[in-house]
Amino acid sequence: MTTTAQAERPAVRKSPPGAAHGPRRRTGRIHRVGLPYLLLLPALLLELLVHLVPMVIGIVMSFKELTQFYIRDWGAAPWSALDNYKVSVDFDAPVGEALLHSFLVTVAFTLLSVGLCWLIGTAAAVFMQDTFRGRGLLRALFLVPYALPVYAAVITWVFMFQHDNGLVNHVLHDQLGLTDKPSFWLIGDNSFIALLTVSVWKGWPFAFLIVMAGLQNIPRELYEAAALDGAGVWQQIRRITLPSLRPVNQVLVLVLFLWTFNDFNTPFVLFGRTAPEAADLISVHIYQASFVTWNFGTGSAMSVLLLLFLLVTGGYLVLTSRGRRSAS
Amino acid sequence: MRSIRAAAAGAVTLSLALAATACGGGSATGGGSNDSPKTLTYWASNQGAGIEVDKKVLQPELDKFEKQTGIKVKLEVVPWSDLLNRILTATTSGQGPDVLNIGNTWSASLQATGALLPWDTGNFGKIGGRDRFVDSALGSTGAEGKDPAAVPLYSMSYALYYNKKMLADAGISKPPATWDELVADGRKLSKDGKWALGMEGSNPSENIHHAFVFAKQHGADFFTADGKADFTSDGTVAAVKQYVDLMAKDKVIAPGNAEYAQNQSVSDFAKGKTAMLLWQSASANLASQGMSEDAYGIAPVPVQSGTPGTGKQVNSMVAGINLAVFKNTDNTDGATKFVKFMTSDAEQKILNNAYSTIPPVKSAQADAAFATPANAVLKDTLAKSAVALPQVADESQFETAVGTAIKGLFADAAAGRPVTTASVKAALEKAQQQMPAA
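Going down the list, the protein sequences come from chains A and B.
Take the first sequence: its position 7, counted from the start at 1, is 7 in the working numbering, and no numbers get skipped.
With the second sequence counted from 1, adding 1000 to any position gets you the working numbering.
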């Protein structure tokens, strides 16, 4: 105890004013802070291996002519340079045209789905802020679609959307008489609406959950002060709730965007391996380009293009949100 | 606190390391060997009404095989929706079963991957020779001029299943033998919420099987003699249009069938919602859905005119299941023995009886069990008027591209949009452009 104190005294004297700790305590701190990271290092390396290696292999595949003749021995597949990419982005030829169409469908679908998820989720979260009887029950009920296993939930929708015996047609046509004849939801143009419905139904509880958590952090005093100043409910939402939620919203929209854009399960369970043109999302499209037609090279090239697009968009969203946060 | 965190980090590291080694486990051998002579893995396709049915049918036979040879066979019944993907994955990774069932239309495509053991004269010799098998079945075991990639196991053909009572009620004395008769009868049958014919509009493979036969009847083919895709000839366009017109123009198929892909049309037929069904070996399936055998009859699939035969009189594809040996097996001898066992006369009789299919082995086919009126129609079709789907490497791409195009045409027909020669041609043209440049 005394020796430590003696050793520390000169160090304290030498250190500039404001520095609280001596060098020995500092190295001790580095040890203490560093140990968990050291222990995590092997896990981190494996994580990189598990995540990065498949990505690199995918990128390598995209430069190969990997068709059914070569899948048994990848090494023997000839290098095709940029041919797979040329085929994918040649929008005058059928493959490129179909990819572009699928991309545009996916963009439209993602924008609508994310927008609706956010709108419904936020609206529900705001309404659920006030305490009333049965609020807990409602909150739990709202989360059910999110908690259900995807397959079980979507296959139920498939049954509901069926032409002959489906619940949707039964309600819309038989009971309400809104349509002249029963509509097809799983084939043809209506499939886009079916897909959007299921996606929003499945996605909005997540937005609801996140926004609800964000709302807890807004101090009540702000609302009280605003109310004293004569602000109505709508003004309170616009001037206090939404600006305070901005950081939450940015993350929420980014996550929803990535999930929706990449969603494979929903369209695959709804439509099977060949989606109708109106609902031909890019993830299923790429699956079809590689697995169903046995051309893994072109499929990989399309995946790499998709990855680039998502990197650019995701990076843009992250960067702009950071810029705005430092500005505000 | 600190020690807990450290322990947690250690646990995570350890479990990841374990997971990584577990993933890397297993031996990837380059070619065939006989390293583990006492076990075999067998992927069976789903032939019965459900996977459990298949296990019940196959397990006693596998036990017999174990008693004879001492080789234990691990059985896995793979549903059709997964089978091709599973085979592709096994091919890519080199880690698969030793013996497997494949749909016979995939033979040439899978043969091109080189993943399956070729059945040359030597290998055929080990199972009793090539001559034991029916020619039409051997015709869909791989590309012409190459050693077969598989041997035939079960044979099937399409037939017209009809509900006796519904036809009698509509005053129809015998099942239609030509398409004109079918349409005429169909108009009488399609009323009061009942329909004449059932089909699976959203199932690309089913669409292909029918379109292929219609094309034959129009004297056309989807592939040229040297294996190039040729989807847009007048004959193929007329064939596809005639098929889709059964719903679009003739209105003998319920529009709802356009979205069927999970054998709903078989259920509809079993429930008496449709009077006729074009299907392959439906008896076992219908029985499991509670339709008694004397409630329906089986007739040959209609032709344009005359009677079924060769050339334009073809009325079915050669449908069936082939048995293949995975080239990477580490028990080549055992696998060959197993193929010999499965294609032996005794097993062929038992298995084909259980699945209501026809044995592709000549001596087994002669058995009385396959001479019932129902089986006679199937056997006759296979022998006289069935043709194998094109045995080309691009066959699976063809199934996807054209099958999907027809699915789209049925969607149009169901929605009441016109299906014209031009629209059929445009759809087929698009399908052809999706095919790999040969």
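Because the hints were derived from the structure by calculation, they are not lab data.
All values derive from a computational prediction rather than experimental measurement.
Some clues are possibly wrong.
Taking lysine-lysine pairs in the DSS-like style, the calculated list, with each CA pair at most 30 angstroms apart, reads [claimed, not checked]:
1. Lys181(A) - Lys1273(B)
2. Lys1312(B) - Lys1249(B)
3. Lys181(A) - Lys1340(B)
4. Lys1349(B) - Lys1056(B)
5. Lys1271(B) - Lys181(A)
6. Lys1362(B) - Lys1074(B)
7. Lys1384(B) - Lys1349(B)
8. Lys86(A) - Lys1430(B)
9. Lys1191(B) - Lys86(A)
10. Lys1188(B) - Lys1056(B)
11. Lys181(A) - Lys1251(B)
12. Lys1146(B) - Lys181(A)
13. Lys1191(B) - Lys1271(B)
14. Lys1194(B) - Lys1271(B)
15. Lys1064(B) - Lys1164(B)
16. Lys1425(B) - Lys181(A)
17. Lys1146(B) - Lys1340(B)
18. Lys1064(B) - Lys1074(B)
19. Lys1228(B) - Lys1251(B)
20. Lys1056(B) - Lys181(A)
21. Lys86(A) - Lys1425(B)
22. Lys181(A) - Lys1126(B)
23. Lys1379(B) - Lys1056(B)
- Task: Could you grab the alpha-carbon distance between Lys1362(B) and Lys1074(B) and see if it respects the 30 angstroms cut-off?
- Result: 29 angstroms, holds
- Does the structure keep Lys1271(B) and Lys181(A) at a Cα separation of 30 angstroms or less? 24 angstroms, holds
- Agreement of Lys1064(B) and Lys1164(B) with the hint, judged by alpha carbon distance not exceeding 30 angstroms: 41 angstroms, violated
- Message: Against the 30 angstroms threshold, does the CA-CA distance of Lys181(A) and Lys1126(B) hold or violate the hint?
- Response: Roughly 62 angstroms between the alpha carbons, so the hint for Lys181(A) and Lys1126(B) is violated.
- Verify the proposed pairing of Lys1056(B) with Lys181(A), using a straight-line Cα cut of 30 angstroms. 45 angstroms, violated
- Query: Within a Cα-Cα threshold of 30 angstroms, do Lys1146(B) and Lys181(A) meet the stated pairing?
  - Reply: Violated: Lys1146(B) and Lys181(A) sit about 54 angstroms apart, past 30 angstroms.
- Query: Within a Cα-Cα threshold of 30 angstroms, do Lys1191(B) and Lys86(A) meet the stated pairing?
  - Reply: 53 angstroms, violated
- Item | Proposed proximity, Lys1056(B) with Lys1349(B) (alpha carbon, max 30 angstroms) | Given that 30 angstroms is the threshold and the Cα spacing comes to 16 angstroms, the pair holds.
- Query: Holds or violated: are the alpha carbons of Lys1146(B) and Lys1340(B) at most 30 angstroms from each other?
  - Reply: Within the cut-off at roughly 21 angstroms; holds.
- Restraint status (C-alpha distance of Lys181(A) to Lys1251(B) at most 30 angstroms): 16 angstroms, holds
- Message: Between the alpha carbons of Lys86(A) and Lys1430(B), is the straight-line distance 30 angstroms or under?
- Response: Judged against 30 angstroms, a Cα distance of about 19 angstroms means the pair holds.
- Message: Please verify whether Lys1379(B) and Lys1056(B) have alpha carbons no more than 30 angstroms apart.
- Response: The given pair, whose Cα atoms are some 26 angstroms apart, holds under the 30 angstroms limit.
Hints 3, 9, 10, 12, 15, 19, 20 and 22, counting from the list given before, are not met by this structure.
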